[in-house]
Amino acid sequence: MDKGKRFDTIRARIKENFVLSQDKIYADKNRLDISVSKQRTPAILFFCKEQLGFIHLMHVGIVDWIEDGTLELVFMLWSPTEKLRVYIRTRLNRENPVMENMDMIWPQLNTYEREFKEMYGIDFKGLIAAEEFLLEDWDGPPPMLRDFDTEAYAQEVFHTRPGREDAQDVREAIIKRSQEEIPDFAKKYSRQ
Amino acid sequence: MREKATTLYLGPQHPGITGNMMVRLKVEGDTIVKATTEVGYLHRAFEKLAEKRNWLQTFTLMCRFCVPEPDPMEESYSRAVEAIEGRIVPERAKYIRVMMLELARIGSLLLWHAGQAGSTGLYTVGQWTVGDRNYILDLFEELTGARIYHMYIWPGGVRRDFPEGFADKVLKTMDYLEGRLKDYDNLMFENSIFQKRTQGVGYVSPKQIIERGVVGPVLRGAGIRSDIRIDDPYEVYDKLDFKIPTETSSDIWGRALVRREELRQSIRIIRQVIEKMPEGAIYNKVPNPQKWTIPPGDALARTESSRGEIGFYVVSDGSNKPRRVHLRGAAYVHAMTLLEDVLVGQNISDVSTIMNSLGTCAPEIER
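These protein sequence lines map, in sequence, to chains D and A. Counted the way the numbering used here counts, the first sequence spans residues 1 to 192. Counted the way the numbering used here counts, the second sequence spans residues 1 to 367.
Hints in this document: simulated from the structure, not taken from any laboratory. Being a predicted model, the structure only gives us computed values, none of them experimental. Quick reminder that beta carbons are idealized off the backbone N, C-alpha and C, glycines included. Possibly wrong hints are sitting among the right ones.
Straight-line C-alpha distance at most 30 Å; calculated DSBU-like pairs for lysine-lysine [stated by the list, open to error]:
#1 K239(A) / K83(D)
#2 K276(A) / K169(A)
#3 K243(A) / K49(D)
#4 K117(D) / K3(D)
#5 K117(D) / K176(D)
#6 K117(D) / K34(A)
#7 K29(D) / K52(A)
Partner residues aside, some chain A positions facing chain D, computed with beta carbon under 7 Å [stated by the list, open to error]:
#8 G311
#9 V315
#10 N320
#11 R324
#12 H326
#13 E340
#14 V344
Sequences are here, hints too, so could you generate the full structure?
Here you go:
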């Protein structure tokens with residue numbers, strides 16, 4: 001059976017059991033994309049794993065669509081027997097991102113959820129081991145959100161090392177010390 | 001009588017630890033009753049930086065996720081970008097990419113020999129294999145201009161073609177390395193200390209394999225013939241003849257035997273690549289990087305590194321910068337939930353041996 005037909009069969013099996021917001025087969029990219037509500041996501045992930053053979057969770061992507069006010073989660077699944085991919089997409093309200101904990105489906109999801117909680121502020125209800133993951137004593141906004149300005153934060157929190165207050169360009173400092181001219185090719189990179 | 005539990009902090013500066021991370025161990029006597037991976041010593045915000053840089057500037061960051069084996073990172077990112085854009089890569093460039101990936105695998109496996117043997121007290125192995133790895137780095141330097149971070153496999157192809165006589169040098173280096181494998185066997189695999197320290201230690205169960213998302217040599221060491229190069233082929237791996245070694249013991253010894261054979265298979269692949277490589281272009285030129293926009297879309301490119309599957313999920317919103325670049329490395333699961341599970345019931349002295357065996361690499365966890 002060719003890939004297109006195999007994807008059709010998989011899509012039909014999923015549609016028998018779930019209401020999908022959107023679905024599309026990309027046979028050339030070897031993948032079926034499905035969009036579902038966050039409430040249905042755990043069940044559809046479980047169904048794909050247990051009933052359709054998509055036992056390998058390749059990756060979970062997260063994208064901040066700040067213009068739409070949503071955070072998109074993309075669960076990328078792989079079937080080792082069929083050699084096909086299924087991507088399950090869901091969107092969360094960016095202002096109040098809440099979702100069920102899903103690490104009982106794949107325990108490896110625990111690491112993703114811990115990271116997304118810290119970096120994007122998603123509250124996974126029922127997440128155990130919700131202790132600090134990467135950030136230590138962090139009380140600021142989730143730093144991977146697009147409206148978090150890393151440079152402004154660094155300038156506010158960290159101080160210039162004594163002797164570096166003038167933030168000189170290294171090349172310029174060396175030139176000044178050695179009393180040599182900056183070569184033409186290097187001038188365009190100069191801060192001046 | 002139950003022994004009193006003590007908390008032991010292994011790392012982040014412990015010589016047996018595999019990078020800047022820590023494992024908090026709760027031990028009773030010498031036996032581990034609980035293990036918790038602690039990360040956060042190495043976060044460099046590469047993924048955040050990528051959102052502020054154009055597509056080509058981002059490429060220069062990608063190799064830095066992994067010091068021992070940066071090339072799969074470059075290749076995976078580049079292939080994801082090419083998949084979104086629909087950019088065709090010249091055939092010769094694909095062959096060169098495979099050669100680079102396999103050279104990187106050999107270099108990484110030679111380092112693994114050092115770490116794995118060193119963690120059992122066999123330090124000579126590391127001196128030999130790290131010395132031999134220098135011949136691989138010499139090849140990298142001649143081809144790319146750099147020994148560690150090559151920034152060579154970029155979107156559209158590769159950065160430079162072979163210098164004169166380079167193919168011969170590669171083949172001679174392969175001949176030399178193949179001749180050295182018996183020495184590694186003699187010093188490491190036939191050494192009873194190494195065998196006793198690895199056989200039956202660090203067992204990964206079939207249930208853990210599915211639930212934890214285990215990949216690479218750890219998966220193959222448990223008897224599962226799975227490799228992205230075969231299962232979801234990329235570049236020109238489907239035109240090459242090589243074996244996927246497996247073992248069934250699912251312990252450190254089994255995984256070591258898998259890696260031992262993978263080194264041989266990589267040599268075999270490189271010889272085929274040199275033989276079959278066509279003439280022609282090496283680069284499908286991208287536009288001015290400042291003006292280079294990629295159509296909206298997303299792609300996950302998967303690459304088989306020496307530690308197992310890595311994947312770059314790249315998202316474009318149609319602008320000249322990535323909307324999102326998100327790495328999933330093998331260590332993201334191996335060194336977190338899997339390691340925490342596998343260490344329970346093991347002896348303190350086996351922690352470093354197990355960590356090396358699982359392909360622990362802290363930079364893949366906190367990018």
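(request) Could you tell me which of the hints above the structure violates, numbers in ascending order? (result) Per hint list: 4, 5, 10, 13 and 14 violated.
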